[in-house]
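> Residue numbers (the working numbering), protein chains in the order written: chain A, 1 to 88; chain B, 1 to 571.
If you're looking for bench data, these hints aren't it; they were derived computationally from the structure. Virtual Cβ for every residue (Gly too), placed ideally from N, Cα, C. One thing to keep in mind: the hints can contain errors.
Claimed, not checked - With a straight-line Cα cutoff of 27 Å, these simulated BS3-like cross-link-like pairs (lysine-lysine) come out: (1) B:K513 <-> B:K502; (2) B:K563 <-> A:K75; (3) B:K546 <-> B:K476; (4) A:K10 <-> B:K502; (5) B:K477 <-> A:K22; (6) B:K338 <-> B:K502; (7) A:K22 <-> B:K476.
Unchecked claim - Which residues of chain B face chain A? A few of them, derived with a C-beta cut under 7 Å, are: (8) M78; (9) T81; (10) V85; (11) A212; (12) L215; (13) H221; (14) I248; (15) L286; (16) P297.
As the list claims (entries may be wrong) - Selected chain A positions facing chain B (Cβ under 10 Å, derived; list incomplete): (17) W13; (18) L19; (19) F32; (20) Q59; (21) V85; (22) H86; (23) E87.
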Amino acid sequence: MAFQTNELAKAYWRENISLMLKLLAVWFAVSFAAGILFVDQLNMVQFFGFKLGFWFAQQGSIYTFVLLIFIYVIKMNALDRKYDVHED
Amino acid sequence: MDLQTLTYIIVGATFALYIGIAIWARAGSTQEFYVAGGGVSPLANGMATAADWMSAASFISMAGLISFMGYDGSVYLMGWTGGYVLLALCLAPYLRKFGKFTVPDFIGDRYYSQTARTVAVICAILISFTYVAGQMRGVGVVFSRFLEVDITTGVIIGMAVVFFYAVLGGMKGITYTQVAQYCVLIFAYMVPAIFISIMITGHVFPQTGLGATLLDGSGMHLLERLDGLSAELGFAAYTEGTKSTADIFAITAALMVGTAGLPHVIVRFFTVPRVKDARISAGWALVFISILYTTAPAIGAFARYNMIDTINGPDAQGTLVAEAPTWIKNWEKTGLIKHEDKNGDGRMFYSGDERNEMTIDRDIMVLANPEIAQLPDWVIALVAAGGIAAALSTAAGLLLVISTSISHDLLKRNLMPNITDKQELLAARGAAAVAIVIAGYLGINPPGFVAEVVAFAFGLAAASFFPAIILGIFYKKMNKEGAIAGMLAGIIFTVGYILYFKGIFITPFAENKPENWLFGISPEGIGTVGMAVNFVVAYTVSKFTKEVPQDVQDIVEQIRFPKGAGEAQSH
Numbered sequence: 001m002a003f004q005t006n007e008l009a010k011a012y013w014r015e016n017i018s019l020m021l022k023l024l025a026v027w028f029a030v031s032f033a034a035g036i037l038f039v040d041q042l043n044m045v046q047f048f049g050f051k052l053g054f055w056f057a058q059q060g061s062i063y064t065f066v067l068l069i070f071i072y073v074i075k076m077n078a079l080d081r082k083y084d085v086h087e088d
Numbered sequence: 001m002d003l004q005t006l007t008y009i010i011v012g013a014t015f016a017l018y019i020g021i022a023i024w025a026r027a028g029s030t031q032e033f034y035v036a037g038g039g040v041s042p043l044a045n046g047m048a049t050a051a052d053w054m055s056a057a058s059f060i061s062m063a064g065l066i067s068f069m070g071y072d073g074s075v076y077l078m079g080w081t082g083g084y085v086l087l088a089l090c091l092a093p094y095l096r097k098f099g100k101f102t103v104p105d106f107i108g109d110r111y112y113s114q115t116a117r118t119v120a121v122i123c124a125i126l127i128s129f130t131y132v133a134g135q136m137r138g139v140g141v142v143f144s145r146f147l148e149v150d151i152t153t154g155v156i157i158g159m160a161v162v163f164f165y166a167v168l169g170g171m172k173g174i175t176y177t178q179v180a181q182y183c184v185l186i187f188a189y190m191v192p193a194i195f196i197s198i199m200i201t202g203h204v205f206p207q208t209g210l211g212a213t214l215l216d217g218s219g220m221h222l223l224e225r226l227d228g229l230s231a232e233l234g235f236a237a238y239t240e241g242t243k244s245t246a247d248i249f250a251i252t253a254a255l256m257v258g259t260a261g262l263p264h265v266i267v268r269f270f271t272v273p274r275v276k277d278a279r280i281s282a283g284w285a286l287v288f289i290s291i292l293y294t295t296a297p298a299i300g301a302f303a304r305y306n307m308i309d310t311i312n313g314p315d316a317q318g319t320l321v322a323e324a325p326t327w328i329k330n331w332e333k334t335g336l337i338k339h340e341d342k343n344g345d346g347r348m349f350y351s352g353d354e355r356n357e358m359t360i361d362r363d364i365m366v367l368a369n370p371e372i373a374q375l376p377d378w379v380i381a382l383v384a385a386g387g388i389a390a391a392l393s394t395a396a397g398l399l400l401v402i403s404t405s406i407s408h409d410l411l412k413r414n415l416m417p418n419i420t421d422k423q424e425l426l427a428a429r430g431a432a433a434v435a436i437v438i439a440g441y442l443g444i445n446p447p448g449f450v451a452e453v454v455a456f457a458f459g460l461a462a463a464s465f466f467p468a469i470i471l472g473i474f475y476k477k478m479n480k481e482g483a484i485a486g487m488l489a490g491i492i493f494t495v496g497y498i499l500y501f502k503g504i505f506i507t508p509f510a511e512n513k514p515e516n517w518l519f520g521i522s523p524e525g526i527g528t529v530g531m532a533v534n535f536v537v538a539y540t541v542s543k544f545t546k547e548v549p550q551d552v553q554d555i556v557e558q559i560r561f562p563k564g565a566g567e568a569q570s571h
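Please model the entire structure based on the sequences and the hints provided.
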């Protein structure tokens, strides 16, 4: 077992899950919410030459996805160090 | 030099490059055939994953579909990128820590059952077949245009090329070849997009050009103009589309979840040395993919604007057939564009109502786009090379999954455990050959446009693998009975629904239209429902059957943190 105690293992997993769920909430918000469910409402707003909902569906969601993964990588690497379960 | 010679030269040069790399890195042992020796850097792996991932569907078909579907085309954009978030956050690192070669290996070991493995193998084969079938159509479209032959001959030529290409090298050859292919395909995709963006809007970046003002002096935004044109010609507004919200939601979800469950993408994350690298590889892959995916909607919009303009003419009265632009004449030879002069005025007219005289295959738009915009011949030739690169790289990766599944998972681990390395390799190549022939048949008689057929493959992956893998990682108590029942229920439901409306190899049972669909969800989006069925069945069955053995629960604990990840192990 890599963790000193069972409690530490649980705490690590809890932090991991909570980070994952937060990021997935953003993931859902920019694609399914902004790009699909509320697209008509957002389309009332003009964003440069785009309707906002349309922009989220065809551009904005994709940029956000890339950001989300990099945030996850940075945060997880830090978490691994904090609990001393990183690789060499 | 004429276009055809130029195309031969550019396509020939890129081919020489790929084959050169494949020979240089030729697979020696079986381990190298399946997974490159673990020494692939995350950046290179990300690039190769991007090439592997972006197939004929992304390169050739997607922008064309968006160009005809407008907002509805967003399902492909969000669906095929959003899946990487799921992959990076929920799957890749854990599967890497688990340290097995293939998805069926994971399923078989996590669910301590040979039956689970076999079910997973069959799902992997089904998914990959469907996917490869879509690719063959795409390859066929490219070859038919540039060799000026009809689409059937184009598909047959493509089959031969893909076969020689895929059988030559294994994964290692493919990883480095795919880095080269990514470079070729992204260059080929961006060059015409940038040219056309500058011509239409004056913006260098197609991503901003999509939202920019037209240079034709009207002062209108491109998207506004497209909405206007759509209204005049009897199409649905470009920025609104026609699909129901439920269907858009379901298709997007099926594509996202399917991405995260696709065996040939997941296998990529076994080739990196560390868990850390598996996370960042997914990030790099998405960066490289996004370059194309944020450009595609711009290409779609530009192509639509240019196409309507050149067919209907600046005065919107229709262009005289005698003065038809060369791109129409060229594509008529492939049979993918047809004009029928219904009102006998000697002019071509394109619209969404009874005035329409044109039949245009959506899969040609990306390839025709530079011709429509009258870009120089070398750009057109480059796009052909890019299209072939995209289709080849994916077809090769998929064939690898099919041949691995059959030779390694089915033969070696199930039916004939005593075969030698050499026989296993032979069986792998034989399986690839059979797969190509079936795929070729479906390429000639396609059940839909390239991107649509590929969407079915994602639906199948969403309905079978995704729940089994997620539950395997995040729910210790999921047992073999639950997982097997879930996968079977999910895939049978999804295959059944697709066959019911699309009837591949059989006659459909019902007409494929919204009134007949379950919850208004099309066959493309049904994988989402299949996934839900899988989760529910798996959970319910697991509640009424034997508990998971303690040693398996301990393994699940072990994969939840990176420390101690060794090299991927074969058995």
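> So, against the hints stated earlier in the document, which numbers end up violated here?
Per hint list: 4 and 12 violated.
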